[in-house]
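Undergrad: Sequence:
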Amino acid sequence: MVMDKLIWVRADLGGTYEERKNIVTAALEAGLTDIMVREDDDPLRRLGRFNALIVRGDEVLSDGSPVARIVTVAGPDDLEKAYAMKGAERLIISSHDWKVIPLENLIAAFQGSGTALMAEANGTEEARLFLETMEVGADGIVITAPPEQLAAIASLRLAPSGTELTPLPVTRIVPLTIGDRVCVDTCSIMYPGEGLLVGSQSSCLFLVSSESVCSEYVACRPFRVNAGAVHAYVLTASGRTKYLSEMKGGDELLAITPEGRSRTVVVGRAKIERRPLLLVEVDGGERRFSTIVQNAETIRLVTPDGPVSVSDLVPGQEVMVRLEEGGRHFGHSIEETITEI
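By our numbering, the letter at position 208 of the sequence shown is numbered 208, and the numbering carries on one by one without gaps.
Simulated from the structure, these hints should not be mistaken for laboratory data. Positions of the beta carbon are idealized from the N, C-alpha and C atoms, including for glycine.
The following label-pair restraints were derived from C-beta to C-beta distances:
#: 1; residue 1: R288; residue 2: E125; range: 41 to 49 Å
#: 2; residue 1: E18; residue 2: S188; range: 29 to 37 Å
#: 3; residue 1: R172; residue 2: E104; range: 44 to 52 Å
#: 4; residue 1: G249; residue 2: T25; range: 20 to 28 Å
#: 5; residue 1: R46; residue 2: C214; range: 41 to 49 Å
#: 6; residue 1: C214; residue 2: D63; range: 44 to 52 Å
#: 7; residue 1: E125; residue 2: T72; range: 15 to 23 Å
#: 8; residue 1: G285; residue 2: T72; range: 50 to 58 Å
#: 9; residue 1: E125; residue 2: D58; range: 26 to 34 Å
#: 10; residue 1: Y17; residue 2: G306; range: 49 to 57 Å
Use the sequences and the hints to build the structure in full.
TA: The structure is reproduced here in structure tokens:
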């Protein structure tokens with residue numbers, strides 16, 4: 001899954017100002033806002049708000065400070081120049097023939113060095129390859145592709161490949177007292193069964209459906225997920241978890257379909273309100289997992305047959321969850337012995 005990767009666009013290479021302008025425009029329309037520009041192309045900044053990365057020789061500057069070095073590699077002998085730059089914040093490898101430059105070697109050499117390795121990609125398939133090579137991939141890509149390909153390349157980050165969901169049987173459904181729950185209103189229209197992954201334990205996140213199913217009690221709100229209590233984890237677009245209480249406008253979350261397809265959605269606002277709560281517990285074999293949601297008919301968990309209201313959910317019925325080994329530290333997945341009860 002391609003997540004949390006840097007994607008920069010080179011708009012400094014175009015032969016004419018109009019060509020460079022077209023690249024910046026296409027990048028902004030694709031949602032790519034880290035754009036490398038020439039020092040004398042200041043008028044391009046009026047096209048929209050973006051992070052203008054100034055290219056000066058083999059250096060890339062942000063607000064006057066170096067943030068990356070560019071190394072052109074034409075053959076194996078040039079690799080030594082790249083290896084000698086370990087310790088730089090970021091290193092951009094530029095090559096006209098990647099067949100003679102094994103990216104695997106570079107990834108292995110720089111892994112754990114503290115230097116973020118970025119590779120120039122001149123097309124969608126090359127970008128995908130660089131982001132996924134050796135499973136971990138490069139830390140990012142710098143795009144030199146034509147403007148018409150930028151949207152497809154951006155989708156490599158904005159639409160991760162998929163999430164494996166597992167059906168687990170419900171063991172308990174327990175009404176609780178009043179508590180604070182979070183309603184997440186996104187900037188996207190979601191579909192029945194599409195929702196957010198939320199749970200009381202990071203090792204088991206429940207698929208909570210969007211309010212895209214109409215009810216006799218309220219109108220549907222297909223942009224909304226009434227996600228759960230403030231303590232619960234929610235999966236973000238970067239692959240990290242956050243507490244629901246931390247949600248705010250502009251955050252990016254991962255919306256998941258019942259089939260496990262995923263996409264990024266932007267939080268428009270989050271509302272914390274006191275409501276009656278409900279605990280739902282499932283059997284994970286060696287242990288049980290739970291989540292706490294609002295006790296209301298409009299809240300639906302996703303089953304293999306579609307979204308079902310928590311009012312109609314019964315013990316023995318299966319709901320879709322995402323299981324994960326290990327634990328989380330400040331939202332990051334880590335390998336450690338941890339038990340959340």
